[in-house]
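Number of protein chains: 2
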Amino acid sequence: MTKTVNRQVWLKSRPNGIPQARDFDIREAGIPPIAEGEFLIHNEFLSADPAMRGWIADKSNYWPRIEVGDTMRAFSVGEVIESKNPAYGVGDKVMGIFGWQDYAAVKQPQVMRKVLEKDLPVSLSLGVLGLNGLTAYFGVNEVLRPKAGETVVVSTAAGGVGSAAGQIAKILGCRAVGVTGGAEKVRQCREEFGYDAVIDYKATKDLDAAFAEASPNGIDAYFDNTSGAIHDAVLRRINLRARIAICGTASYASWDPWNEGPRPERHLLVKRATMQGFLTTDFAARYEEAAAALAGWIRAGKLKYREDMHQGIESAPGSIEKLYSGENQGKLVIRL
Amino acid sequence: MTKTVNRQVWLKSRPNGIPQARDFDIREAGIPPIAEGEFLIHNEFLSADPAMRGWIADKSNYWPRIEVGDTMRAFSVGEVIESKNPAYGVGDKVMGIFGWQDYAAVKQPQVMRKVLEKDLPVSLSLGVLGLNGLTAYFGVNEVLRPKAGETVVVSTAAGGVGSAAGQIAKILGCRAVGVTGGAEKVRQCREEFGYDAVIDYKATKDLDAAFAEASPNGIDAYFDNTSGAIHDAVLRRINLRARIAICGTASYASWDPWNEGPRPERHLLVKRATMQGFLTTDFAARYEEAAAALAGWIRAGKLKYREDMHQGIESAPGSIEKLYSGENQGKLVIRL
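Top to bottom, those sequences are chains D and Z. Going by the working numbering, the letters in the first sequence line up with residues 1 to 336, in that order. Going by the working numbering, the letters in the second sequence line up with residues 337 to 672, in that order.
Quick caveat, the hints were computed from the structure, so don't treat them as lab data. Please note that the accuracy of each hint is not assured.
To be verified - Just a few of them, taken from the derived set where beta-carbon distance is under 8 Å, the chain D residues facing chain Z:
# : residue
1 : 55
2 : 253
3 : 259
4 : 271
5 : 274
All figures in this text were calculated on a predicted structure; none of them were measured in a lab. Glycine included, each C-beta is placed from N, C-alpha and C at the ideal position.
Let's have the full structure, built from the sequences with the hints guiding it.
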């Protein structure tokens with residue numbers, strides 16, 4: 001530990017909508033001291049996640065809003081370099097909410113999990129072995145609960161969460177239909193992630209016709225990362241007792257004011273269908289079960305992933321807008 | 337059996353929206369012969385239900401659409417007066433889908449249930465002991481599953497389904513909040529059905545303020561018979577893990593074209609809430625369990641009901657528009 005400077009990305013102005021690079025700035029602080037029960041993390045990889053938009057902008061969100069002047073809340077993974085907590089030894093790799101910064105004095109509740117898979121890249125703890133993979137795992141297995149042979153639609157199908165959700169649906173014996181944008185992502189969905197059918201929502205003029213072709217037996221389950229027009233087209237095609245897991249709303253830049261659209265009630269009633277919102281953190285007690293399953297599938301070559309690796313903390317401020325541009329391919333990770 | 341004329345109410349024209357008296361006509365047919373396995377029902381009471389709108393008008397509904405020229409599909413209760421089915425003896429009272437007519441040749445699948453509660457009025461089989469009560473029972477117990485102490489909101493709170501749902505929520509130890517229109521229905525909700533708080537949606541200028549006052553601890557479960565503005569105001573006030581049962585959409589005269597409104601996804605996500613459509617007929621295997629419970633609560637004075645009794649088959653054609661006018665009080669039944 002020779003460095004003495006802790007670079008921090010902090011919120012400079014509050015956007016209504018998608019946070020831009022200009023809404024952040026980088027400052028230099030000291031290495032924080034640790035109190036009894038805490039430990040010092042040296043971050044190795046920082047995460048950029050779509051949920052960050054909500055953490056910053058939304059009035060009604062699941063976590064306290066980030067205030068102007070705060071170091072940006074973020075998932076990251078790093079090494080314990082000093083510890084006053086017997087459960088975390090120097091050299092342990094730990095993933096949690098440690099912020100967009102080099103160093104963090106960490107309390108137990110900030111930890112999401114210790115990295116146990118020493119044979120796999122540590123950065124995966126921010127993606128397929130972290131929030132993305134866990135979100136896909138619980139969304140599919142606990143909310144959608146598809147049976148073999150059912151048709152499962154996934155939006156943002158090539159993304160970190162979507163690609164894992166589609167592959168888990170395939171592992172469960174389902175027909176997986178992906179919705180993504182652009183020829184290269186369509187190719188990834190087909191060739192790397194193994195979707196049975198892929199809809200390019202940017203190139204498709206008639207979403208209803210595209211879904212009719214991609215889901216000849218209708219839709220039994222929908223992993224919804226987008227809301228919007230894709231969601232509405234799925235609703236028109238659901239089968240009896242369909243399940244819709246609300247995971248994200250990427251098609252909307254802002255929820256203030258409240259977006260309008262076709263009402264779902266009649267479809268839910270006629271089809272006896274269910275729409276359910278979920279957060280991965282609700283399943284915290286079962287992270288290790290899920291991570292073990294995900295790691296097993298990765299080792300067996302059944303669960304593929306992509307990382308969109310960026311270099312240096314300077315890439316953090318502009319990373320959230322990249323997520324919403326639809327340009328990034330795979331899980332966006334920043335290597336420090 | 338001295339009569340030889342079977343009066344039938346038939347569909348003369350297809351409305352888009354709420355069926356009016358002019359969309360029906362009455363014709364005289366003969367008493368139908370019964371085939372082996374069938375039995376002849378002499379209807380005593382006919383039902384008018386909000387769902388009839390969907391049976392007639394909607395392209396995508398849970399039952400085949402009623403065609404122009406058909407005798408109107410309807411629930412009714414009557415007596416077996418001739419039988420070629422050993423399970424149904426002359427004198428049995430039976431409830432089922434026998435149509436808006438005096439006589440029906442009935443096959444087993446048309447039967448909803450035999451009337452077993454000989455100490456209670458037979459017309460209750462069309463209301464609190466029939467579809468209404470069963471719908472309330474399964475909607476509350478199977479979809480909403482409220483715990484004692486939770487706040488349950490019911491729309492069309494004074495109606496046949498709503499009043500039973502509110503009282504079942506009270507029996508389960510919940511705080512029941514009713515939404516209804518007009519001073520007389522508000523009075524019924526408070527004095528007869530025992531709601532803890534009642535919102536008069538016609539008199540209230542600010543639904544959000546009314547819900548804030550009526551549900552100081554937020555809303556845990558919502559029995560939605562209306563959709564529309566009431567639904568949206570409830571969504572803004574739900575608690576974590578709230579459940580919304582979609583039972584009816586009375587606030588919309590038509591679903592063609594698809595109605596627009598605020599999108600629910602963000603609320604469902606942030607609150608990890610569930611919206612689920614259900615039909616009572618999905619629970620057919622459990623009707624007797626539910627009817628026995630409902631009859632027990634009626635006898636114990638815990639479950640009150642109102643009947644809006646009309647006289648003669650001539651009242652049938654105009655009965656559906658009455659349901660949607662909000663004028664009827666209690667379950668609309670037509671005595672033949």
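Comparing the hints with the structure gives:
| no. | hint | result |
| --- | --- | --- |
| 1 | 55 | 12 Å, violated |
| 2 | 253 | 13 Å, violated |
| 3 | 259 | 5 Å, holds |
| 4 | 271 | 6 Å, holds |
| 5 | 274 | 4 Å, holds |
Of the numbered hints listed earlier, those contradicted by the structure are 1, 2.
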